[in-house]
Amino acid sequence: MGKLHFGYKRHTVTDENGLALAEETTAVNESDMKHLETHLKKTKLPRKALVYADKGYDMVLE
1 MGKLHFGYKR
11 HTVTDENGLA
21 LAEETTAVNE
31 SDMKHLETHL
41 KKTKLPRKAL
51 VYADKGYDMV
61 LE
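Numbering (the working numbering), first residue to last: 1 to 62.
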């Protein structure tokens, strides 16, 4: 049986200067993709804004 791990992940959206626009802390067992759209809506970025993210956020938004 695998070990149970507890922890948290910090999700941060920044601008091109590194200034934080939105932040959220989630449980480590939650999918990153589940939170991407929420983070982007909090920042009020234009619909076609260029966004860089790591592989955990790999998804297509409609």
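What the hints contain is simulated information worked out from the structure, not anything from laboratory work.
Don't be surprised by glycine CBs; every beta carbon is placed ideally from N, CA and C.
Treat the hints with care, since some could be wrong.
In silico BS3-like cross-links for lysine-lysine, where the CA-CA straight-line distance does not exceed 25 Å [stated by the list, open to error]:
1) Lys9 x Lys34
2) Lys42 x Lys9
3) Lys44 x Lys9
4) Lys55 x Lys34
5) Lys9 x Lys55
6) Lys55 x Lys44
7) Lys44 x Lys34
8) Lys41 x Lys55
9) Lys55 x Lys42
10) Lys9 x Lys41
11) Lys48 x Lys34
Here are the computed distance ranges between Cβ atoms for each label pair [what the hints assert, rightly or not]:
12) Lys48 x Gly7: 31 to 39 Å
13) Tyr8 x Lys48: 13 to 21 Å
14) Asn29 x Leu50: 27 to 35 Å
Against the structure, the hints come out as follows:
{"no.": "1", "hint": "Lys9 x Lys34", "verdict": "13 Å, holds"}
{"no.": "2", "hint": "Lys42 x Lys9", "verdict": "18 Å, holds"}
{"no.": "3", "hint": "Lys44 x Lys9", "verdict": "22 Å, holds"}
{"no.": "4", "hint": "Lys55 x Lys34", "verdict": "13 Å, holds"}
{"no.": "5", "hint": "Lys9 x Lys55", "verdict": "15 Å, holds"}
{"no.": "6", "hint": "Lys55 x Lys44", "verdict": "22 Å, holds"}
{"no.": "7", "hint": "Lys44 x Lys34", "verdict": "18 Å, holds"}
{"no.": "8", "hint": "Lys41 x Lys55", "verdict": "20 Å, holds"}
{"no.": "9", "hint": "Lys55 x Lys42", "verdict": "21 Å, holds"}
{"no.": "10", "hint": "Lys9 x Lys41", "verdict": "19 Å, holds"}
{"no.": "11", "hint": "Lys48 x Lys34", "verdict": "20 Å, holds"}
{"no.": "12", "hint": "Lys48 x Gly7: 31 to 39 Å", "verdict": "34 Å, holds"}
{"no.": "13", "hint": "Tyr8 x Lys48: 13 to 21 Å", "verdict": "32 Å, violated"}
{"no.": "14", "hint": "Asn29 x Leu50: 27 to 35 Å", "verdict": "30 Å, holds"}
Comparing the model with each earlier hint shows a violation of hint 13 alone; every other hint is respected.
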